[in-house]
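What follows is each chain in one-letter form.
Protein chains: 4
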Amino acid sequence: MEYRRMGKTGLQLSALSFGSWVTFARQTDDHTNERLMMQAYDAGVNFFDNAEVYSAGLSEEMMGRVLKKVNWDRSSYVLSSKAYFGWKGEDKKPNQHGLSRKHLMEACEEALQRLQVEYLDLYYCHRPDRNVPIEEVVRTMNTLIQQGKIFYWGTSEWSAAEIMEAHMVARDLGLEGPSVEQPEYNLFNRMKMEVDYEPIFRNVGMGTTIWSPLASGILTGKYNDGIPEGSRMSLEGYEWLKERAVVEDKLSRVKALGDFAHELGVSLPTLSIAWCLSNPNVTTAILGATRESQLTENLKALEVLPLITAEVKERIDVIMGTKPVVIRN
Amino acid sequence: MEYRRMGKTGLQLSALSFGSWVTFARQTDDHTNERLMMQAYDAGVNFFDNAEVYSAGLSEEMMGRVLKKVNWDRSSYVLSSKAYFGWKGEDKKPNQHGLSRKHLMEACEEALQRLQVEYLDLYYCHRPDRNVPIEEVVRTMNTLIQQGKIFYWGTSEWSAAEIMEAHMVARDLGLEGPSVEQPEYNLFNRMKMEVDYEPIFRNVGMGTTIWSPLASGILTGKYNDGIPEGSRMSLEGYEWLKERAVVEDKLSRVKALGDFAHELGVSLPTLSIAWCLSNPNVTTAILGATRESQLTENLKALEVLPLITAEVKERIDVIMGTKPVVIRN
Amino acid sequence: MEYRRMGKTGLQLSALSFGSWVTFARQTDDHTNERLMMQAYDAGVNFFDNAEVYSAGLSEEMMGRVLKKVNWDRSSYVLSSKAYFGWKGEDKKPNQHGLSRKHLMEACEEALQRLQVEYLDLYYCHRPDRNVPIEEVVRTMNTLIQQGKIFYWGTSEWSAAEIMEAHMVARDLGLEGPSVEQPEYNLFNRMKMEVDYEPIFRNVGMGTTIWSPLASGILTGKYNDGIPEGSRMSLEGYEWLKERAVVEDKLSRVKALGDFAHELGVSLPTLSIAWCLSNPNVTTAILGATRESQLTENLKALEVLPLITAEVKERIDVIMGTKPVVIRN
Amino acid sequence: MEYRRMGKTGLQLSALSFGSWVTFARQTDDHTNERLMMQAYDAGVNFFDNAEVYSAGLSEEMMGRVLKKVNWDRSSYVLSSKAYFGWKGEDKKPNQHGLSRKHLMEACEEALQRLQVEYLDLYYCHRPDRNVPIEEVVRTMNTLIQQGKIFYWGTSEWSAAEIMEAHMVARDLGLEGPSVEQPEYNLFNRMKMEVDYEPIFRNVGMGTTIWSPLASGILTGKYNDGIPEGSRMSLEGYEWLKERAVVEDKLSRVKALGDFAHELGVSLPTLSIAWCLSNPNVTTAILGATRESQLTENLKALEVLPLITAEVKERIDVIMGTKPVVIRN
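Chains as they are written, first to last, in UniProt numbering: chain A, 1 to 329; chain B, 1 to 329; chain C, 1 to 329; chain D, 1 to 329.
A few of these clues could be false.
[To be verified] Computed Cβ-Cβ distance ranges for the label pairs, DEER-style:
#: 1; chain 1: D; residue 1: 118; chain 2: C; residue 2: 29; range: 54 to 62 Å
#: 2; chain 1: C; residue 1: 160; chain 2: B; residue 2: 65; range: 48 to 56 Å
#: 3; chain 1: A; residue 1: 198; chain 2: B; residue 2: 205; range: 57 to 65 Å
#: 4; chain 1: B; residue 1: 90; chain 2: D; residue 2: 65; range: 38 to 46 Å
#: 5; chain 1: B; residue 1: 291; chain 2: C; residue 2: 306; range: 52 to 60 Å
#: 6; chain 1: D; residue 1: 65; chain 2: C; residue 2: 89; range: 28 to 36 Å
#: 7; chain 1: B; residue 1: 90; chain 2: C; residue 2: 307; range: 28 to 36 Å
#: 8; chain 1: B; residue 1: 113; chain 2: C; residue 2: 65; range: 23 to 31 Å
[Stated by the list, open to error] Residues of chain C clear of chain D, computed beta-carbon distances all greater than 10 Å:
#: 9; residue: 29
#: 10; residue: 139
#: 11; residue: 323
[Stated by the list, open to error] Here are some, though not all, of the chain B residues that point toward chain A, as calculated from beta-carbon distances under 7 Å:
#: 12; residue: 8
#: 13; residue: 10
#: 14; residue: 121
#: 15; residue: 260
Please keep in mind that the hints were generated in silico from the structure rather than gathered at the bench. Built from N, CA and C at the ideal position, the CB exists for glycine as well.
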């Protein structure tokens, strides 16, 4: 396994990491999760990603039970959670979501209980919240650090300007700014990582724990022949993915990329994941999995990584046509 | 229920909230309180206001017992208390009241015990204390936030200058200033909310949890025919209200306002409460109640709110004659 | 009882307070102490002063046992201790005294255990320690405040320059400076209170909890006929007091003051204590006592206070000849 | 025993101190360690040095068991540990070493558990870690101080520039910089202590707890006739010492120094240790020991110290030829 420093911090994350996201609790059971997490851990994965919203807290509870059972040394892995959406689904009340101090403090305590641990290594603001001053967020995250409940804090899907405002406020108050961002990044979604965040990577330093490296599964190629029943794309509550994903145009480009992967002698998903990792600003790509074979396949991305030369990248850019073009006058 | 952000913070309060004030313990019992609080909660009220001085701590103890029994999710409601007057009545000793660090620290701990909770969402300085430097207050409130015992701190009946001094001291020390004020506000008492605090609302941001929207009951119209025995106005220890309230002149204006309410097809108290809520700087109006029918009636104020147009406001100003006039040369 | 604000803080101390000093444990037993402390408390005394060095920790243990037994409301009294000399007597080792962070942190924890309380209201540096940077002292005292173990910190017998350095360091770091000093102050020892600290009282604000208002007992007049066996002056370990105290010259001035007290119709000790209290920069005068009759007598000083007019003060200055003369060119 | 202030802090360390280093757990058992530690303590040694890496945590566990058994007053001794190398040997994973917040926080907690104490007096960064921003280290060490887990923090084998960067960052953030460094210092290794750190000693203040005053045993003279089996130099894992130490040239100088020691009437190791202590910037020299006779001998260095006159120092410089020469143009 390759390990990368999370931005400017001293924390090291495995280049491939394990996310429970939607798959936990909805599609898998404790026994499956235990086998998947052990497989990942044995392969050198040290970052296990979670959030209060994933399956409404059930995902954290499942992971907590597995962590308790496998009893790995707490210092051997990095555990995260995220606050924003709350975990109470439709019934949630006004302060049971968002980034107010009330929710951040309560959500962190609740996540610690669900995960059955004493502290989180990473704690994310799962989305920006325009109804909360960034100063309130920065102060609260620093209070949590001082109380020993979290070690580092980060953002997810924040704009570059919002991240920089957090740094500005933190510096002004002598507090600690966010050190990691969790954006979507894949061959269909490149703007934030390659354009928006570029000055932050260069001037401030920031780790990224990217999600959806396979673009919700499109880049596995499995939808090339239509969306099967029981796959993630057909699950209730994720219809929004469907619309976006099933665009004909996208599927044709995925097919062409599949041909190129074949030419290179590798699989389409490993090529897609390896391409993400070839961006030096990616600290880790979060993998989801419901089957051991799937995880085995995706973990091979690190073997594919050396193949992603400048030339290969150019070929991929041509095939996909998704390279951001920035015109500055 | 409508929810409003408390000033610039991320906390959201229901526009109508529940205060135990004088009614708890003196006029009601646990069973009544439980029914009233459940009624409020079911109607969407999420802010329950209290203070050490209300019935000398008994009010907090009653509310604590009810909260324990109903067992609502702690994150679903906002709980407050206030320090200043102490709770030991006539026997209280020098440091058992006021805003010294000693009283603030001890009073907060005592309130947590009486309310049987681990933290307060809001903690107020119930009055200004000219014998304590504002720096001591700001530092202590921030210590309580760092210790996780309170989430936000505020003031009650402080002057605009005192509030601004707290912000000045907080900014100088990199600490957190007060984010909410609890003033009296009603059709007889408008100066602070509409004139004094105006620059604070505009330039710094501040939530308000107003008390006495019915001016100690005058605006219910129930004193129009004299003060009945057993009503709040005749209770021992509240004679000061009597003097002020029973002014003939006021009662005549209340009658006229009652006629106008009738004209609008609404009740006098709901019109009076809705008028308070029509001020966008009001976060929430605190309602007291001893009977379910009373609470049912007052909670209708939100339905009346849309009727409070600019034209209606002008009519009310003319009837009441209490609109502040500020002459600046 | 009269209560005074401790300098600029919000804390109020009774003008007369109770110190266990040398008398506890050496000359009295638990039963006596309990009666004396109850007598003081019932008379309105709210400040009970202690230190690790008093009878090598035994004084704190005794007071702790009494406080536990009488079970007064913790908020009704102010409790202090002081670190510097250590409590282990001759056997104490290098870091078991002084003002290093190690000793301050350990001494505070030990004092809390001996006194059986969760926090001290006041914690003093019992002497300056030129071997410890004042920054280390200021940081440690602020850490103890943040941890909730102490509420205010102060100094004892520090020079004006040392106190001001502590304020300078505190302001530079945004931390809290010392708010109270415990100096010796009596008719024989006036320089610090009346000259040295004057700019601090005027420009920064500082409370004082003065010790030895009767100049180790000389001002009781009891040594006018020689030092009796069993009195504090003859106790082992306090020979240093003997030398200073038994100066013939002093005793003659004490006799003259006694005559003047007789003329005013009051006792010599009450006049001496009341004179201390007539200085508005004195927050409280600490009284020691081994007998109830002695405490009864000294508590009368407050009744004598109104007699200390400007004219009486001048008479006393002439009799004693101890008024500081400051010549500034 | 002589005690010295640790740099500018208020902490006092015995000039000779006890290090468990490699000898604990590998060459000694609990019974031996108990006798050695008691011997040192009885001789006035108050500093017991340890680190997570020493025998992979076993050294701390052994010392913890002894400390528990002998039950010395916790305030009578100074205890240290160090984070960086981890303690899990070959199996350690990415974040189980280094100076990231994750490792510092976890390593401190683990050290407290192994040593069975509530706090460490000193906590060192065992080496610089170029993969962690110094700001992260400074912030984390200050968090540990605020949490009461450590009293002072320091560095070991950091360069002067790295130490100064830590001070710069600390001052910028109002936090506490490192107050002690643990460098190697002996007659073969003088550059850091005598040249590199000189401006820090002069302008900032820094204590030093030097290790290897006998240059891994060469200066005992025991290797003059070859390296015996069972000595520290032949132990597995310390081959690197062998190479450096067995240089013929060094041994010849050691022999000449031995003759000079004989001339002075003292032993070679006591002369070598005393020479270290004659540098006023040395707070303490850490001694390792496996036998009581060895410790008895080395503790005599303080008696030898008065012999280290300026003249003797010059003689030693000529014999050893290791005095740093700094040419500044």
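How the hints compare with the structure:
1. 118/D with 29/C: 54 to 62 Å: violated (34 Å)
2. 160/C with 65/B: 48 to 56 Å: At roughly 54 Å between Cβ atoms, residue 65/B and residue 160/C fall inside 48 to 56 Å, so the hint holds.
3. 198/A with 205/B: 57 to 65 Å: violated (33 Å)
4. 90/B with 65/D: 38 to 46 Å: violated (59 Å)
5. 291/B with 306/C: 52 to 60 Å: For residue 291/B and residue 306/C the Cβ distance comes to about 55 Å; the hint holds.
6. 65/D with 89/C: 28 to 36 Å: holds (30 Å)
7. 90/B with 307/C: 28 to 36 Å: holds (31 Å)
8. 113/B with 65/C: 23 to 31 Å: Because 25 Å falls inside the window, the suggested range holds.
9. 29: holds (27 Å)
10. 139: Violated, because the least Cβ-Cβ distance between residue 139/C and chain D comes to about 6 Å, which does not exceed 10 Å.
11. 323: holds (38 Å)
12. 8: Holds. Min distance 5 Å.
13. 10: With a minimum Cβ separation of about 3 Å from chain A (threshold 7 Å), the hint on residue 10/B holds.
14. 121: It holds, given that the least Cβ distance between residue 121/B and chain A is near 6 Å, below 7 Å.
15. 260: Residue 260/B check fails; min Cβ-Cβ to chain A is 33 Å, beyond 7 Å.
Of the numbered hints given earlier, the model fails hints 1, 3, 4, 10, 15; all others are met.
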